[in-house]
Amino acid sequence: MNNRKNTEAERLTFWEKMYIPEIARGLGITLRQMFKPKDFVRQYPEQRWEPTGSFRGRPVLVEEDGGERCVACGLCARVCPALAIEVQAGETPREKERYPEKFEINMLRCIFCSYCEEVCPEEAIVMSKDYEIVYTSPQEAILGKDELLVPKAKLQDRLEFLRQYK
Amino acid sequence: MSDLTFTLIEFGIKAAIIINIVLVMASVEVYLERKISAWIQNRVGPNRVGPMGLLQPIADVVKLFMKEDLVPKAAFQGFHRLAPLLTLAVAIGVYAVIPYAHYVNIGERTVYWGIAPNINIGVLFILAMTSIGVYGITLAGWASNSKYSLLGGLRSAAQMISYELSMGLSLLGVILIAGTLSLNEIILFQRDGWYGLRWMVFLQPVGFLIFLVSSFAETNRTPFDLPEAEPELVGGYNTEYSGMKFGMFFLAEYANMATASAFLSLLYFGGWSLPFPEFWDSIGLIEGTWSRALLQFGSFFVKLMIFIVFFIWVRWTVPRFRYDQLMNLGWKVLLPLSIINLFVTASVIIFFGL
Ligand code: SF4
Ligand code: SF4
Chain A
1 MNNRKNTEAE
11 RLTFWEKMYI
21 PEIARGLGIT
31 LRQMFKPKDF
41 VRQYPEQRWE
51 PTGSFRGRPV
61 LVEEDGGERC
71 VACGLCARVC
81 PALAIEVQAG
91 ETPREKERYP
101 EKFEINMLRC
111 IFCSYCEEVC
121 PEEAIVMSKD
131 YEIVYTSPQE
141 AILGKDELLV
151 PKAKLQDRLE
161 FLRQYK
Chain B
1 MSDLTFTLIE
11 FGIKAAIIIN
21 IVLVMASVEV
31 YLERKISAWI
41 QNRVGPNRVG
51 PMGLLQPIAD
61 VVKLFMKEDL
71 VPKAAFQGFH
81 RLAPLLTLAV
91 AIGVYAVIPY
101 AHYVNIGERT
111 VYWGIAPNIN
121 IGVLFILAMT
131 SIGVYGITLA
141 GWASNSKYSL
151 LGGLRSAAQM
161 ISYELSMGLS
171 LLGVILIAGT
181 LSLNEIILFQ
191 RDGWYGLRWM
201 VFLQPVGFLI
211 FLVSSFAETN
221 RTPFDLPEAE
231 PELVGGYNTE
241 YSGMKFGMFF
251 LAEYANMATA
261 SAFLSLLYFG
271 GWSLPFPEFW
281 DSIGLIEGTW
291 SRALLQFGSF
301 FVKLMIFIVF
311 FIWVRWTVPR
321 FRYDQLMNLG
331 WKVLLPLSII
341 NLFVTASVII
351 FFGL
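Protein sequences appear in the order of chains A and B. Going by the numbering used here, the first residue of the first sequence is number 1, and it counts up by one from there. Going by the numbering used here, the first residue of the second sequence is number 1, and it counts up by one from there.
Simulated from the structure, these hints should not be mistaken for lab results. A couple of the hints might just be wrong.
[What the hints assert, rightly or not] Below are the DSSO-like pairs computed for lysine-lysine, each with C-alpha atoms no more than 27 angstroms apart in a straight line:
(1) B:Lys332 to A:Lys17
(2) B:Lys14 to B:Lys67
(3) B:Lys303 to A:Lys36
(4) A:Lys38 to A:Lys17
(5) A:Lys102 to A:Lys154
(6) A:Lys96 to A:Lys152
Kindly generate the complete structure, drawing on both the sequences and the hints.
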């Protein structure tokens with residue numbers, strides 16, 4: 001025999017079962033909401049949101065002294081869970097001797113996990129603040145080096161964040 | 001000018017005005033719905049198109065017109081086309097008997113506000129028309145040849161049948177008291193007494209509540225919007241409709257909401273009648289003048305808008321009922337309650353008179 005009150009409907013009081021007082025209470029709540037000021041709404045295209053350093057936007061390559069920091073070790077491509085990165089190494093007369101001839105990130109695959117950033121020994125790939133990511137064709141979504149390279153100065157927030165918490 | 005030509009012109013003009021009012025009202029309702037839902041959810045709502053987003057409904061309609069009109073291959077073509085037409089035609093047809101104000105005298109003639117406000121079966125006509133509306137929805141569900149649509153259509157039919165009963169029975173109380181089925185006479189009854197405030201809502205509070213709940217069910221609005229429950233049925237009966245055909249369902253839904261609001265304000269809140277009729281007579285605004293008629297129209301319109309806002313407000317407050325709860329409420333609560341209400345009303349009239 002089941003004589004415990006164990007369903008929601010059995011636990012309700014008489015007045016709650018009558019619907020009407022409870023509905024009136026609910027209407028009161030929504031009425032109060034209606035007249036609250038809505039000043040935390042952001043009018044998006046005019047008022048943009050500036051993310052903090054902890055934000056994980058589009059992954060980009062750090063550009064330093066006119067070249068990339070990346071040494072084309074391929075770790076990021078290896079760790080990427082979505083297989084979004086493709087790196088091809090080449091030789092360069094510069095101090096680091098290696099550089100990526102080709103570096104592509106397929107933004108349709110990227111899931112913004114930031115593993116690439118975490119694994120990179122050179123701190124050469126970091127997550128940027130760019131969150132307005134729109135493409136009109138699948139080809140366009142494959143970003144080459146020209147779109148990926150971002151001067152170090154612009155990524156300062158993220159680099160500092162990484163120093164502190166990574 | 002002969003009588004016939006005058007009548008034809010009169011009714012032509014009235015019909016044109018009323019159809020336009022219905023369509024404009026529908027877009028006003030859509031705007032209000034979007035704004036009020038936004039406010040309740042702490043958002044701002046449409047504010048891009050025109051000042052304060054006022055032109056948003058026009059943009060919506062343009063969007064619907066531009067959309068491709070898809071018809072599923074397996075649908076029953078003719079019926080698939082017929083369904084939205086039927087729904088919309090019925091929804092607009094109801095407005096033929098709604099009185100917007102009393103009358104104005106133009107020369108010798110008395111022109112009533114409304115196409116046939118004095119028809120002696122007005123209440124019956126509205127009930128009949130709104131129950132034809134369910135055919136459109138059921139037909140749409142069946143003709144689309146899709147599971148979701150069919151389920152939506154069936155739910156709609158079941159819901160209408162269950163709630164039409166208690167709706168009709170709760171109405172009978174009003175009809176017993178007023179002793180007539182004509183809408184204008186019901187309003188006149190409410191005007192002639194208690195300083196123009198002998199509103200049925202004071203005489204029939206229980207009947208009013210039952211009628212209010214049933215009209216939510218009749219218009220397929222939350223908490224009884226099971227026929228188009230989005231989370232379960234995609235879009236319910238209108239899943240397979242796109243473009244302007246969907247627009248017609250949309251329009252019909254809002255027209256029905258306005259009908260229900262108009263019906264509520266006519267039957268229970270005195271419709272176009274102004275409180276304190278002697279006062280208006282004493283300052284020269286007698287029956288039959290334009291200013292009196294406009295004031296009456298204003299009175300009706302304010303009540304109408306209040307109900308429309310109430311409908312919207314409830315939609316964004318109360319969650320949807322489960323199907324068994326809906327049926328329980330309809331058959332086990334509202335139906336017995338409306339029968340008791342009818343009995344009590346009838347006995348009071350018999351034993352105490354009015
Ligand atoms: S970005 Fe970093 S991890 Fe990726 S190839 Fe370059 S150096 Fe290696
Ligand atoms: S953020 Fe994650 S998914 Fe995107 S490129 Fe880096 S490792 Fe791949």
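Outcome of the hint check:
1. B:Lys332 to A:Lys17: holds (13 angstroms)
2. B:Lys14 to B:Lys67: Outside the cut-off at roughly 32 angstroms; violated.
3. B:Lys303 to A:Lys36: holds (25 angstroms)
4. A:Lys38 to A:Lys17: With Cα atoms ~34 angstroms apart, Lys38 (chain A) and Lys17 (chain A) exceed 27 angstroms; violated.
5. A:Lys102 to A:Lys154: Given pair Lys102 (chain A), Lys154 (chain A) holds - Cα atoms ~23 angstroms apart, limit 27 angstroms.
6. A:Lys96 to A:Lys152: Roughly 18 angstroms separates the two Cα atoms, so the pair holds.
The structure does not agree with the numbered hints 2 and 4 stated previously, though it agrees with the rest.
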